[in-house]
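Undergrad: Could you build all of it, start to finish, from the sequences and the hints given here?
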Amino acid sequence: MKKLLFLSFAAALSFCPVAGAQVFNHLALGAGIGTDGLAFEVAAPLGRHVQVRAGYGTALGLIGYTVKDISVPEHPGNSASANVNVPLKVNFGMSDARLLFNIYPSAEGGFHFTVGAFLGSPNVARTEFTNMPSDYNNVGIDVGGYLVKASSGTLKAGLGGVGLGGETFAVKPYVGIGFGRAIRDGKRVSFTFDLGAQYQGKVSLWARGEGVTGRTRTVRLTEKEFSSLKDVDKYASYATFWPTLNFRVYVKLF
Numbered sequence: 001m002k003k004l005l006f007l008s009f010a011a012a013l014s015f016c017p018v019a020g021a022q023v024f025n026h027l028a029l030g031a032g033i034g035t036d037g038l039a040f041e042v043a044a045p046l047g048r049h050v051q052v053r054a055g056y057g058t059a060l061g062l063i064g065y066t067v068k069d070i071s072v073p074e075h076p077g078n079s080a081s082a083n084v085n086v087p088l089k090v091n092f093g094m095s096d097a098r099l100l101f102n103i104y105p106s107a108e109g110g111f112h113f114t115v116g117a118f119l120g121s122p123n124v125a126r127t128e129f130t131n132m133p134s135d136y137n138n139v140g141i142d143v144g145g146y147l148v149k150a151s152s153g154t155l156k157a158g159l160g161g162v163g164l165g166g167e168t169f170a171v172k173p174y175v176g177i178g179f180g181r182a183i184r185d186g187k188r189v190s191f192t193f194d195l196g197a198q199y200q201g202k203v204s205l206w207a208r209g210e211g212v213t214g215r216t217r218t219v220r221l222t223e224k225e226f227s228s229l230k231d232v233d234k235y236a237s238y239a240t241f242w243p244t245l246n247f248r249v250y251v252k253l254f
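Residue numbers (the working numbering): 1 to 254.
Be aware that a few hints might be false.
What the hints assert, rightly or not - Here are the simulated DSS-like pairs of lysine-lysine, each with C-alpha atoms no more than 27 Å apart in a straight line:
no.: 1; residue 1: Lys252; residue 2: Lys149
no.: 2; residue 1: Lys149; residue 2: Lys230
no.: 3; residue 1: Lys187; residue 2: Lys252
no.: 4; residue 1: Lys202; residue 2: Lys230
no.: 5; residue 1: Lys252; residue 2: Lys68
no.: 6; residue 1: Lys89; residue 2: Lys252
no.: 7; residue 1: Lys156; residue 2: Lys68
no.: 8; residue 1: Lys224; residue 2: Lys149
To be verified - Using C-beta positions, here's what the derived DEER-type ranges look like:
no.: 9; residue 1: Leu27; residue 2: Thr130; range: 25 to 33 Å
no.: 10; residue 1: Ile63; residue 2: Gln22; range: 15 to 23 Å
no.: 11; residue 1: Ile33; residue 2: Arg215; range: 34 to 42 Å
no.: 12; residue 1: Gly145; residue 2: Gly110; range: 52 to 60 Å
no.: 13; residue 1: Val42; residue 2: Lys202; range: 26 to 34 Å
no.: 14; residue 1: Val23; residue 2: Asp69; range: 13 to 21 Å
no.: 15; residue 1: Lys202; residue 2: Leu27; range: 48 to 56 Å
no.: 16; residue 1: Leu99; residue 2: Val249; range: 15 to 23 Å
no.: 17; residue 1: Asp142; residue 2: Gly110; range: 54 to 62 Å
no.: 18; residue 1: Phe247; residue 2: Asp142; range: 27 to 35 Å
no.: 19; residue 1: Ile33; residue 2: Asp185; range: 42 to 50 Å
no.: 20; residue 1: Ser71; residue 2: Phe193; range: 38 to 46 Å
no.: 21; residue 1: Leu29; residue 2: Gly211; range: 43 to 51 Å
Treat the hints as calculated values from the structure; they're not laboratory data. The beta carbon of each residue, even a glycine, is placed where N, CA and C say it ideally should be.
TA: As structure tokens, then:
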């Protein structure tokens, strides 16, 4: 991952001009929406062939879906207990800062390659098991020595690539293509369209657990805890490279 990030930034900087030539001589504010959430950005030129973008985006829990009939043991930790079906609610949960470089083969054209990284939450979705049996509020589930509990019948978890950048923070390299310039000569308002992918590593279902010393950490929920999660893991593997499609509007300040 570090090598990919280094090569991405090196590729962008190789297109930059000699210092002082049309570098940061304009600034634009942008906003847009896409599969990377609702985003706000600032953009500036690094010469005729490179523009740098920095900003923040969040999904705000938008677009939810409820998966019915997820099977869980009625009494956690007791393999002989009967299973009960509970709903699993899923909402987009991305929340990331981003640093991106648009590289333009033409000094005037809008077609560009984009390299950079998204930095922030490792989760692509927030999940909630609802209507959990009462034992999950008290006894909880032992996952590798960490106790995962529900609160008022709701067990909260996240769907993401936790192992990529740590328990609560991830660095997700991005590569894509697009059309348009955030800053264009003679134009106050500009539009861009981008298509690419973020690499986020193995995507699984994770929850917060508490150890015997009181320390909490993010632990992966597996088939051992909930047999029906094998289907979740199967489809979650498709999100290793998160497809990123977005549209932006920029207003040039100067």
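Undergrad: With reference to the structure, classify each hint as holding or not holding.
TA: We went through each hint and held it up to the structure:
1. Lys252 <-> Lys149: 49 Å, violated
2. Lys149 <-> Lys230: Holds, at about 21 Å.
3. Lys187 <-> Lys252: Roughly 8 Å separates the two Cα atoms, so the pair holds.
4. Lys202 <-> Lys230: 14 Å, holds
5. Lys252 <-> Lys68: 47 Å, violated
6. Lys89 <-> Lys252: 41 Å, violated
7. Lys156 <-> Lys68: 16 Å, holds
8. Lys224 <-> Lys149: At roughly 16 Å apart (the allowed maximum being 27 Å), Lys149 and Lys224 satisfy the hint.
9. Leu27 <-> Thr130: 25 to 33 Å: Distance hint for Leu27, Thr130 is violated at roughly 46 Å.
10. Ile63 <-> Gln22: 15 to 23 Å: Given a distance of about 40 Å, which is not inside 15 to 23 Å, the answer is violated.
11. Ile33 <-> Arg215: 34 to 42 Å: 38 Å, holds
12. Gly145 <-> Gly110: 52 to 60 Å: 54 Å, holds
13. Val42 <-> Lys202: 26 to 34 Å: 33 Å, holds
14. Val23 <-> Asp69: 13 to 21 Å: 57 Å, violated
15. Lys202 <-> Leu27: 48 to 56 Å: Once the Cβ atoms are compared, 39 Å apart, the range 48 to 56 Å for Leu27 and Lys202 is violated.
16. Leu99 <-> Val249: 15 to 23 Å: 20 Å, holds
17. Asp142 <-> Gly110: 54 to 62 Å: 55 Å, holds
18. Phe247 <-> Asp142: 27 to 35 Å: With Cβ atoms ~46 Å apart, the hint is violated.
19. Ile33 <-> Asp185: 42 to 50 Å: 26 Å, violated
20. Ser71 <-> Phe193: 38 to 46 Å: Roughly 42 Å apart at Cβ, these two residues keep to the hinted range, so it holds.
21. Leu29 <-> Gly211: 43 to 51 Å: For Leu29 and Gly211 the Cβ distance comes to about 45 Å; the hint holds.
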